[in-house]
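Enquirer: Sequence:
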Amino acid sequence: MKIALVTHHVFKNDGQGRVNFELARYLAGRGHDVHLVAHGVADELLDTPGITALLLPRCIERPNPAKNILFLRQADGLLKKGCFDIIHAHGGVVSVEHHVNTAHFVHSWWQHSPFGARSEGVYLRLATRLYAGLEKKSYARARVVVAVSHKVKRELVQYAGVNGDKIRVVYNGIDSGEFSPAGRPAAREAVLKAWNIPPGKFVILFAGDLRHDRKGISSLLECLTRLEVDYHALILGSPAGSPFVGKALEMGLGDRITWAGFQKNISSYMRAADVFVYPTRTDSFPTVVMEALAAGTPVVVPGAKHCGVSELLQDKETALLVDNPWDARQIAGQVNLLARDQMLWQKLSGAGRRLAEQMPWRRMAEQYERIYLELLLRRD
Numbered sequence: 579m580k581i582a583l584v585t586h587h588v589f590k591n592d593g594q595g596r597v598n599f600e601l602a603r604y605l606a607g608r609g610h611d612v613h614l615v616a617h618g619v620a621d622e623l624l625d626t627p628g629i630t631a632l633l634l635p636r637c638i639e640r641p642n643p644a645k646n647i648l649f650l651r652q653a654d655g656l657l658k659k660g661c662f663d664i665i666h667a668h669g670g671v672v673s674v675e676h677h678v679n680t681a682h683f684v685h686s687w688w689q690h691s692p693f694g695a696r697s698e699g700v701y702l703r704l705a706t707r708l709y710a711g712l713e714k715k716s717y718a719r720a721r722v723v724v725a726v727s728h729k730v731k732r733e734l735v736q737y738a739g740v741n742g743d744k745i746r747v748v749y750n751g752i753d754s755g756e757f758s759p760a761g762r763p764a765a766r767e768a769v770l771k772a773w774n775i776p777p778g779k780f781v782i783l784f785a786g787d788l789r790h791d792r793k794g795i796s797s798l799l800e801c802l803t804r805l806e807v808d809y810h811a812l813i814l815g816s817p818a819g820s821p822f823v824g825k826a827l828e829m830g831l832g833d834r835i836t837w838a839g840f841q842k843n844i845s846s847y848m849r850a851a852d853v854f855v856y857p858t859r860t861d862s863f864p865t866v867v868m869e870a871l872a873a874g875t876p877v878v879v880p881g882a883k884h885c886g887v888s889e890l891l892q893d894k895e896t897a898l899l900v901d902n903p904w905d906a907r908q909i910a911g912q913v914n915l916l917a918r919d920q921m922l923w924q925k926l927s928g929a930g931r932r933l934a935e936q937m938p939w940r941r942m943a944e945q946y947e948r949i950y951l952e953l954l955l956r957r958d
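This note's numbering applies: residue 579 is where the sequence shown begins, and numbers increase by one.
Everything labelled a hint here was simulated from the structure, so no lab data went into it.
Possibly wrong hints are sitting among the right ones.
Dumping the calculated BS3-like pairs for lysine-lysine here, alpha-carbon to alpha-carbon at most 25 Å [as the list claims (entries may be wrong)]:
| no. | residue 1 | residue 2 |
| --- | --- | --- |
| 1 | K658 | K744 |
| 2 | K658 | K590 |
| 3 | K658 | K580 |
| 4 | K744 | K883 |
Have a look at the derived ranges for each label pair, beta carbon to beta carbon [as the list claims (entries may be wrong)]:
| no. | residue 1 | residue 2 | range |
| --- | --- | --- | --- |
| 5 | K590 | C661 | 27 to 33 Å |
| 6 | D919 | K771 | 25 to 31 Å |
| 7 | E889 | L915 | 38 to 44 Å |
| 8 | E622 | R941 | 35 to 41 Å |
| 9 | D787 | K590 | 14 to 20 Å |
The structure presented is a predicted model; accordingly, all values stated were derived computationally and were not measured.
Ideal Cβ positions, reconstructed from N, Cα and C, are used throughout, including at glycine.
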């Protein structure tokens with residue numbers, strides 16, 4: 579099959595980009611002719627047999643809405659000339675008829691969410707409205723829409739107007755070789771030494787965008803003030819311009835937190851931590867949670883209403899779940915429970931790892947390939 583994958587970026591260190599990175603590698607390995615329509619593609623894919631990068635020029639960087647409209651028009655023009663057997667888009671990046679469109683985030687839902695776009699500034703509200711419109715048009719032109727979780731499927735039906743019969747759910751995968759408990763003691767020693775953290779601390783890890791509160795950083799800070807364990811928090815993500823660094827100082831948490839910035843070797847940080855706390859307000863299927871599970875690090879996350887990964891989790895069996903990601907008392911209670919109960923820690927570490935091993939990227943890619951073949955057979 580001659581297959582076009584259409585997305586802005588195909589990089590390993592980006593959730594949506596990683597999906598396309600792994601999908602492209604799998605499809606090329608299966609002998610398909612894969613074309614990546616994108617602004618940027620990982621260097622290691624450029625030399626992979628069976629993969630062609632169709633890089634669109636970056637004529638505009640700001641504002642983002644204008645950049646997205648230009649990308650859509652450029653992609654449409656290229657796809658009309660390409661004679662592809664399968665066109666697989668991701669979100670509102672095309673307006674031509676295509677075969678598959680994967681929804682990683684539903685802007686139509688975010689537009690109406692009380693803690694989403696309505697709580698943001700005028701620019702972001704207008705941008706969200708534009709993205710929602712582009713997505714709706716793209717989904718209407720797709721024969722199959724794939725949701726990365728049942729949470730996303732519900733949002734597509736209720737807010738984006740997609741017919742539920744047209745939607746398939748395909749969970750993203752994880753590389754359980756890259757993210758593994760192997761070498762945990764050495765990784766922990768190296769990370770703690772690098773940041774001058776005493777070895778006896780209970781290490782709490784958070785990773786996410788710190789510019790706003792969508793990932794729940796404010797709830798984490800409140801949680802820290804309620805802990806009954808000798809802890810240190812490692813927070814990954816750029817602190818530049820974040821209001822939460824100053825807030826942490828005001829709360830008296832300055833010496834209990836290390837703001838570690840962006841880290842390429844996040845797998846080492848996953849192995850170094852005792853728990854990964856991620857009180858996200860909403861997430862379709864956060865890769866970072868799967869990475870922690872694969873590394874054998876227990877996670878504290880919201881339930882399936884807020885976090886798509888939690889559809890696969892059970893409280894106190896594979897993870898520690900919280901009903902309300904704003905409830906710092908409940909989050910702290912779960913962390914305190916884990917810190918006190920070594921048997922529970924071991925149970926969750928092993929169960930999370932086993933779950934991740936059942937979710938390889940190949941499994942996801944095989945499901946997409948089956949959808950492609952089904953659509954081709956239906957056409958014939």
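Enquirer: Holds or violated: 27 to 33 Å for the Cβ distance of K590 and C661?
Expert: Given a distance of about 30 Å, which is inside 27 to 33 Å, the answer is holds.
Enquirer: Using the C-beta atoms of D787 and K590, is the stated range 14 to 20 Å upheld?
Expert: Holds: the Cβ-Cβ distance is about 18 Å, inside 14 to 20 Å.
Enquirer: Tell me if the beta carbons of D919 and K771 are separated by a distance inside 25 to 31 Å.
Expert: holds (28 Å)
Enquirer: Okay, E622 versus R941 on CB: inside 35 to 41 Å?
Expert: This hint is violated: roughly 22 Å between Cβ atoms.
Enquirer: Hint check: K744 vs K883, CA-CA at most 25 Å. Holds or violated?
Expert: Holds: K744 and K883 sit about 22 Å apart, inside 25 Å.
Enquirer: When you check the alpha-carbon spacing of K658 and K590, does it fall within 25 Å?
Expert: violated (28 Å)
Enquirer: Within a Cα-Cα threshold of 25 Å, do K658 and K580 meet the stated pairing?
Expert: holds (14 Å)
Enquirer: Measuring from beta carbon to beta carbon, are E889 and L915 in 38 to 44 Å?
Expert: violated (23 Å)
Enquirer: Taking only the CA atoms, is the gap from K658 to K744 under or equal to 25 Å?
Expert: holds (24 Å)
Hints 2, 7, 8 from the earlier list are contradicted by this structure; the remaining hints agree with it.
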